[in-house]
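The whole structure should be built from the sequences, with the hints applied where relevant.
Numbering (the numbering used here), first residue to last: 16 to 135.
Derived by calculation from the structure, the hints in this document are not laboratory data.
Keep in mind it's a predicted model, so treat the numbers as computed, not measured.
C-beta: ideal position from N, C-alpha, C; glycine also.
Each hint should be verified, as a subset may be incorrect.
To be verified - Per label pair, the in silico range of CB-to-CB distance:
no.: 1; residue 1: 49; residue 2: 69; range: 43 to 53 Å
no.: 2; residue 1: 126; residue 2: 102; range: 42 to 52 Å
no.: 3; residue 1: 123; residue 2: 51; range: 35 to 45 Å
Claimed, not checked - Within a straight-line C-alpha distance of at most 25 Å, the following computed DSS-like cross-link-like pairs (lysine-lysine) qualify:
no.: 4; residue 1: 102; residue 2: 131
no.: 5; residue 1: 107; residue 2: 131
no.: 6; residue 1: 79; residue 2: 107
no.: 7; residue 1: 102; residue 2: 34
no.: 8; residue 1: 34; residue 2: 107
no.: 9; residue 1: 36; residue 2: 131
no.: 10; residue 1: 80; residue 2: 36
no.: 11; residue 1: 131; residue 2: 34
no.: 12; residue 1: 34; residue 2: 80
no.: 13; residue 1: 80; residue 2: 107
no.: 14; residue 1: 36; residue 2: 79
no.: 15; residue 1: 107; residue 2: 36
no.: 16; residue 1: 34; residue 2: 79
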Amino acid sequence: MDPIPYFYEPVNRNAIILKPKQAFFDWLQATEPDNENPITILDEHNVYLIREMDSNDDVRRWVKKHFDQLFVNELNDWYADESLWPKNRTYKLFTDWFDVEVHSMVLDLEEGPVEKDLEY
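Next comes the structure, spelled out in structure tokens:
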């Protein structure tokens, strides 16, 4: 019997999704205290792709080592003015502000190559 082929092709990446917690939304509100319609939930989140690792624990260790790069990117998505960002960004603060999801199966459903937008 012939083996059943995979329908979708996996890519050699792991995915990290950061989901803001209440502390993040509190910070957003503090930056615009006159906002009568504070943001309390997001419909979508950034997905970060990193090299494929042997385990989700390895990915979590990578996140712990590189948390500030992720933190800065999330803050910059909302305010480019760094004076509004928390000054002492620790890993504890990061985990207070974000839930971290790790995904080991990243499947490519498209035929064309993945391209990077180098204009950023």
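Structure-based check of each hint:
no. : hint                  : in the structure
1   : 49 / 69: 43 to 53 Å   : holds (49 Å)
2   : 126 / 102: 42 to 52 Å : holds (47 Å)
3   : 123 / 51: 35 to 45 Å  : holds (43 Å)
4   : 102 / 131             : violated (31 Å)
5   : 107 / 131             : violated (31 Å)
6   : 79 / 107              : holds (10 Å)
7   : 102 / 34              : holds (21 Å)
8   : 34 / 107              : holds (15 Å)
9   : 36 / 131              : violated (29 Å)
10  : 80 / 36               : holds (20 Å)
11  : 131 / 34              : holds (23 Å)
12  : 34 / 80               : holds (18 Å)
13  : 80 / 107              : holds (12 Å)
14  : 36 / 79               : holds (17 Å)
15  : 107 / 36              : holds (13 Å)
16  : 34 / 79               : holds (16 Å)
The structure fails to meet hints 4, 5, 9 from the earlier list, while all remaining hints are met.
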